[in-house]
Each structure stands twice: as structure tokens, then as C-alpha cells.
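S.K.: Chains as they are written, first to last, in the working numbering: chain S, 1 to 238; chain V, 1 to 302; chain H, 1 to 498.
If you're looking for bench data, these hints aren't it; they were derived computationally from the structure.
Careful: at least some of the hints might be erroneous.
[Stated by the list, open to error] Pulled a few chain S residues facing chain H out of the computed Cβ check, cut under 8 Å:
| # | residue |
| --- | --- |
| 1 | S40 |
| 2 | S53 |
| 3 | V54 |
| 4 | F69 |
| 5 | R214 |
A virtual CB, placed ideally from N, CA and C, is assigned to each residue, including glycine.
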Amino acid sequence: MVFTIDTLLFQVLPYVPVALFIIEAIRRYRQRPFSYSSLSSQFLEGDRLFIGSVPWHYGILFVLGGHLFAFLFPRELIAFGSVPWRLLILEVTALIGGLVSLIGLVELTIRRLTRDRIRAVTNVMDLVVLGVLLTQVGLGVYIALTMRWGSMWFATIMAPYLKSVVLLQPNVDLVSVLPWVIKLHIVGAYVFLAILPYSRLVHMLVWPVHYLFRRPQVVIWNAEPGSLRSTGEPERGG
Amino acid sequence: MTDRMNALLRTAVVVGSVVLMQGTSRAQDAADPTGALFEKQCYSCHNIGSGKKKGPDLKGILQRRDRAWLHKFIASPKSMKASGDKIAVGLFREFAPEEMPDQMLTPLQIEDFLNFIDKVTKSGKVFVPQSGQLSRPVRPGDIEAGYAYFTGKKKLAAGGPACISCHSVQGVTPLGGGTLGLDLTQANARYTNIELASILKAPAFPTMSRLFANNPLTDEEVVQVFAYLQSTKTRTPDPGRSAFAFVLIGMAGTVACLGLMNFRWRARLRTGVRKDFVAQAVERHRKNLRSADHSHRAGRDA
Amino acid sequence: MNVRLQMAMVFHLDKCIGCHTCSIACKNVWTDRRGAEYMWWNNVETKPGTGYPTAWEDQDRYRGGWVQGSDGKLRLRGFSKGGTLESIFHQPYLPTIDDYYEPFTYRYQDLFDTPEGADQPTARPVSMITGKPIDIQAGPNWDDDLGGSPVYAENDPNLTHVSEEDKRLLFELERMTFFYVPRICNHCLNPSCVAACPSGAIYKRGEDGVVLINQEACRGWRFCVTACPYKKSYYNWSTGKSEKCILCFPRIETGQAPACFHSCVGRIRYFGGLLYDADKLPAAASVPEGELVDAHRGIILNPNDPAVVAGARKNGLGPDVIEACRRSPVYQYVIDWKLALPLHAEFRTIPMLFYVPPLMPVMATVENGAYDTTETGLFGVVDNMRLPITYLARLFSAGNEGHVRYALKKQIAVRAHRRMVTVGDLDRDAVTSMMQEVGADAAELDAIYRLTSLPTEKERYVIPPSHREEAEQMLKTDVLRAKGETGFGFLERPVRGT
Ligand code: SF4
Ligand code: SF4
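The task is simple: from the sequences and hints, build the whole structure.
M.R.: Here is the structure:
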């Protein structure tokens, strides 16, 4: 086997962040549960946060969902995109998702860097996170614009590649011929995974879906009700 | 009516050119085992008789170069270049950034290739690869079928991806086609018919060859996509315009989305409740001052 | 019947002197930390006024508490469950720090370090968030004693129900009046903060009803802040977790009153257990507004009723706990005497902190140079109060004026009765008919007088034993080992995650 930079990036590297992600996220959850928080700064500044946070989160959730769908159901995606107008709708919505999240992210970055109160609650890792996300989303939008149609070639090239990674037989051939911009985007995704458990990004792992299924009130007993406080019986022993 | 006539006319042109191409190629020796090997190993970069590709046309190579030199060069072009051989360095410069890789060929195989090239050269014909031969002449209706394959409306039988994923052809959709690969509008201007057909059958480009390695186009599909690509030969590509439309629609949609979010949460608290109260009180105070000032003045005047 | 114990409170507003000692006690014990400087788990606000945070009672703005749907079911005013997840990226109704105040300190060191010069050195105020000099815009109790009335008192959300004429009178300089409302978390029976927490980090302790936020499960989504109509859940901007009053549970577990109770200068605070029927719970919060106070009283059980005692025993409440509930001053004020009323029952969280509405400086009627001591003259006070009864009813009985009027009349009856006994210048018939009107005999009025004016600490704070030693056993740990090895507090330091 010829060992190239591609082999390193796309064959070996993927497993490092994945392993880090899984092990560290669980370890942190169990050992340092206090550090799992959204770390929201809305309390310190709300108006600008709205302009940034809402588009960012909805945009990126949509886009990530799209990536996931294309990975899981490439055939269905291709079938859907086989009629030109459907393909266009698909691509335009994806682009909108990307642009919306990019605008939100840029706004969040500006807010974080320019507001004194927000800077007071910013640490180095927050800046790293912002840097990685800006690069990723920026590249993504650039790719969507210049290397069309992403949904289609993702389904035909990236989906099999990712599948090969998941199946522990990474097929570097598929990606090694892609333009460097796309390669950078893929590497960025691995970097994202790697920093996730070490950053505030962990809040996405504790997104509270279970809220939908729980009863409104929570009562916790330090011991089973009915078995406590048996002492103080005046008649006991008497 | 005119559409119909246009279609007919296009078909006629394509059929004509294909017939021509078939005429020149019939004789060829694809059955020759060395020919098949040549197609597999060399043809992605070299023609015999039909012009430069990534590398030089090999027609009459034996007449131009020394046989011993050729042996050495083919076996390891890189070491030849490294040794400072003038011709090798010149070739590398001419075809940069393409670089001919070292070949794992025995001297016997190289000899076979050289003989084969010589045979084709002497026959006065060009090398037509097996894949360059269409299985049947183009018929009316092929263009439409080819268009359907191109956009993916009709699935390729072996399951290969539709062309539009990566390629555009002027007018294929209102926003054009893919841009990861080449714009194929004038594919035929860049490639000969033979090459085009051969690319469709067994693409030699790195990405395509991998994508289609296990699911090549059927002969029928090759003819039809070929026919479609031929029919677009006369169009002028204008990728900038479709890209611009794409961006524009995207931006309009983005603005709409942002507006929607703003509308959805229009009742949100802004600037702070306390600040509002202070602003209102200050405003009221100002107004009182003004009216007091006014009545004061009015009183003095009276 | 599902009998449970709730630690409940009564604040006697007529006795509060607005000294803020309670707030300071709490601050010193619990919230003197980065990110918590602005939190006042206990605060004392001036009424009329907008309180802390500004206009917290205005649920059209902040959307706290519950509302009753047209189907009679309760739902959170702020968000449905789906709406919670929808609004999780930016909470539309969350107050920001500007609605509280930006915590500040002064650069005292400058007073010493400034080189000699023509001017006096000053200690500039600096923000405790950014460390930079700020213009102080607000502080805790910024509207204390009606300070800044045009901004604050006039925007009191409770005044929307007061007539224009009364409002004008209210702010007439000579007549102007105010009273204090000390507030802590009400440790509600139907807490909306618990129901709104998407992480399920907030819970009510089964044993004593204290509402707590599990700091390790809180993810800082801040829905409790919005959902608590009393704004008694606070977001720590430094650690990224929400915090609230813990009713000093480490103190009550060891039989001590919470710090704010313990330190109260006016001795206005009463603390004791109530037994209630948990089965009646959602229903008691789902009645029309005017009946809410009665419904609240309806779920509280009589600790002398044998059926209740049996139910309590069945649920594991020991005889010593039940005995403590019998002596509970809260039970007396709320149920026996019907003097104490819940604050803003219309939020439907069933708060367990009750207030005795204040009589305030009485506007006695003077006739012929002598106080009018007839029945009409005395009771007339109630309707001629400087603060309109509509206003008090908004605060303490969800608009039902009858409850407030009764509580005020009863307090006047106590005064009249005691004056008759001690001074003897009142007409016995007038006093007797007053007593009849409030349905109380002399013994009851004397009891009220005693518990209001002369209570000992033991009478004010009757804390049922919590038997932590048994809880430890129930957790199936080795008690002796636990005693030797386990301390309180965090295993992980409460610092902001990255
Ligand atoms: S007062 Fe607020 S924080 Fe306290 S229990 Fe009630 S709803 Fe929760
Ligand atoms: S310490 Fe007591 S008297 Fe003083 S403000 Fe607090 S509640 Fe009122």
C-alpha cells in the first residue's frame, strides 16, 4: 500500500476523532456532569443573540440533517433529484440552509468578539469552536455554490466513502480525486468531531428530546415513600 | 411544430456524423490482444493518429525516435527525466502538469506495444478502441432518451450516477447542471467522437473511472447519451448566468427564512423591560417640562 | 388520600420593616459567588413598585406560571413541550440582566493608590461581569421606598385593575404609602419551574416539598427562569446553570430555620409543616380565579383528623412529624384563622408561602377631635385604606376582595379587642359585633395576638424532624461508613464548562 497524505487524512484520521468523540463524551458525561451545559449567554445579551442563534441553529440542523439523510439514503436522494425541478428545489433549499446558518454564525462571532459582557464569558475553546465552525460552514457554502450538485455527488461519492469508513474498510480512492476544497471540508468534519467532547458543543448531545415524553411534575424521594420516619413512635419500646 | 423540426434536424446532424465516424473506424483491430491491452493501459493518455491527448499522439513514433530510447523511456519515464535526457525533459515540460507514471512492463511487452503502434501507423488508419465503437447507429428518439439519462430521470441500468450530478450542459435545467465536472456543452469540440464514445463506455478519468468501474453504461445507453451530447454541440455554454441565478434564488430564500423567524418570534422581549420604563418616563418628563415651559411663557406674555 | 408533608411559610407583612437583613443573610450564605452576585433568592420589594426583576408580575411580558385552557386543563403560559424545543435557541420571554441589574463593585483600592492631587480620589464603580467601569443603571431594590416612582411604582402591573381615580389618589404626595413584600421561592405544590425544565433537572423533594435544581443535570436551557411566575429561578451566567432558593435544606434537616427566617429582624416569618392531599393537586389549581384561594386551603389537611393521621402514617410520616404539623404556625394562620393568603394565586402554581396582608398606617377617622371608635368607624378603615382594596386583592387573593377584606377586618378586630382589654376605651358592644362579623371569639383573637406580637422562636419555627439518619439507611448504604466518608458538596468544582 502506498502511504500518502490522503491515506493519512481519510483512512487513519477518521477513527481518531470518532474514538475521541465517543470515549471522551461519555467520560465527561459521567465524570464531570456539571460541565455539560448550553452555556447560554442570552441572559447577558438577548437581542443580538436572537439574530445570530436562531438562524444558526435552524440552518445548521437542517444542513446536518441533509448530510445525514444523503448518507443514509443515497439511492432515495438520487431518485428524488432525478427530475430537474426537484433537483433544483433540493439544491436551493440546501443552499438556503447553508446561507442562513452562515449568516447566523457570522453574527454570533461578531457578537462574541465585540460585546464586553460576552467576552467576559468567552474562553479559548469557544474561539476554536467558532473558527472550526466558520471554516466548515464557509467551505460548505462555497462548495454548494461552485461544485454542484452537491446532493448528487455526495450521494454517489461521499455516501459510499462514509459507509466504507463506518464498515472499517475506508476506501480512500473515492475521495482522493476530489478537489482539495472538498477534502478540506471532510477533514474539517473530523476536526469538529474531535473537538466536540472538549468544548461547549457537548450541549448538542443533551438536547432534551426526552422532555416531550415526561410527566410535568418531578418528585424525588430520598427513600421509598412509606418506609421513612418510623422513629419517633412514642409507643415504641414503651 | 418548429420544435419538432428542430429535433429532427438535430437528429439528422448527429446521425450523419456518426455514420461518418463509423466509416473510418470499421476496419480496426480491437480484437488484437495487444490492441485491447493498449486501450486499457495507454489509451487514456495517448491516441494513435487522432491527435494529442494528455500525452503525445503515438502515430509514427518509431519513425521519430530510436527504438532503444523508447524502451528505456517507457519503462521508466521519471528516471529518464531525472537523468537529464533532453527529449524526456522536453516532453515532461510540454505536457505538464501531466506526468507519465513508470510502467510495470517487461521489455517483451514494450516491444509488443511498439510493434502494434507501428502496425496501426502503417495501415494509415487511426486506432479505434473497442469502446469507441457505437453498437448501433443513432436513431430518432435517442436524443430524448439520452437527455433522460443525463438528468437521471431514467436510471442507468447498472445503477451508475446520472451525468447531471457533476456535469452541466447548457440548458439542461433552468439553473444548469453540475459543476464538479466539466461543462459538456461542447464536449465534442474537445473530444473526437471516438473519444467521447469511449469515455462514455469506459471513462479513463480518475473520478469517473471509479464511479463507473462496477456499473458501466450499457451499449444502448452509450448511444443515447452520446446522441444527446452531440445534439448540444451547437449551444454556447454560459455557466456564469445559471450560477448567478442559483445564488440569487438562494439569497432570496435566505432573506425569506430570516423574515419568517423574525415573524415567528415577533412577540419576544426586546431591549429589556426596565430600559423601556426608563425611556418612557424620561419622555413623559420631557413633555411635561416642555408644556410647563410653554405655559410659563404664555403666562408671562399675558 | 395521598398525604404528604410540605414545609410552608407565612410572612406577616404588617411587621416587615424593610430592613433587608433577610436578603443579606441569604446572600452571605448562598449567593456571594461569581455569576450569582445578581441573584437575590430572598429579596424585599416595595409595593407599589415593579419589584425584582422589573415588572416580574406582568405575565403578558414574561409568560410565567400556568393558564387554564378552554378545556379546563392547565398548561404552561410560556411554552408547550414542542414550543420549548422550538424556542430553545433563543428564549423569547427571558428577562436579561438589564431587567435585574449589572452587578457592580467599587475600585476601593483607588482611594489609597491615587497619587496626591487637587481632587479627592474616588472609587469608580466597575462591572462585576466585565471588570470595566460602568454607569450604574440599576441595583437591587432600585425602587426601594418608592424611589423613582415615575419609572417603577407607576408601572406596577397590579395597578391595571385599579381605577384611574384611585391611582391618582395613590400617588398624591400627602397620601402616598407603601409596604414591603419580602419574597423567596414559594416551593410551590404545582411548580411551573419543574414542569418547564426540559432536562428534568428540577424536582420536588418528596419528604418535605423543597424544590431543588440538580446542578449536575441542569443544562442551562433557562426555561425555569421564564416559567417561574415569581422569577425565583435565576440563571448563573458564569457556570451556565440555573439556581434557586434551596430553603436552606441543610439547615432545616438539622432542625434550624432557613437563614432568612433566622435573621429576620421584624420577626415576621413563620415556618412549619403542612399536610396536604397530593391527589387533589391538579384539580385545586384548575378552578376559576376567584375560587383559587379556597381551593388552596381545600387541599391542606387537618393534622388532628384521625383519617389524615392514618394516611400520613401510611405514607411514612412519623408521629413526631404529625405532632409538629399540629403545632405549625402556618396551619394556624392559613387554615384556622384564614389570615394568610397566597401571593398571586392566579399564577396557579399553588405557592406555599402565605402573606398576612398589611393594614399599613391606618387612616383613622377623627370625629370631634376624638378617634371614631364605633364599629363603622373602625371597620371603615378597610375600605378607606390608602391602598385600594382592589390592589391588595390583585396581590393576595387572585382578585377576590372578600378574602383580603376578611383578613384585614380580622386584624382590626384583634386590635379592637386588645385595646378594649388593655386600654378599655372601646365600646364593648361595638367590639363584640366586630368579633361576630369575623366569626371569632376572644380566645381566637387572643391567640392571634399572641402569635403575632409575642411569639418565641420555638413558636415561630416548628420544624418537623427530617430523620436523615433513616434516609441514609433507606439508601442501603452503611450508615457508619457514610458518616465517616461522605461530605457535603460537589465532587466536581462548580466551574463553567468549556
Ligand atoms: S416560586 Fe418559582 S421557582 Fe419556586 S417552586 Fe414556585 S415556580 Fe418554582
Ligand atoms: S429581615 Fe424581616 S423585617 Fe427585615 S426586610 Fe427581611 S422580612 Fe422584613
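S.K.: Work down the list of hints and note, for each, if the structure agrees.
M.R.: Hints, verified against the model:
1. S40: Nearest chain H Cβ about 5 Å off; hint holds.
2. S53: 5 Å, holds
3. V54: Holds, about 5 Å.
4. F69: Constraint on F69 (chain S) not satisfied, violated at 20 Å.
5. R214: Since chain H brings a Cβ to about 6 Å from R214 (chain S), closer than 8 Å, the hint holds.
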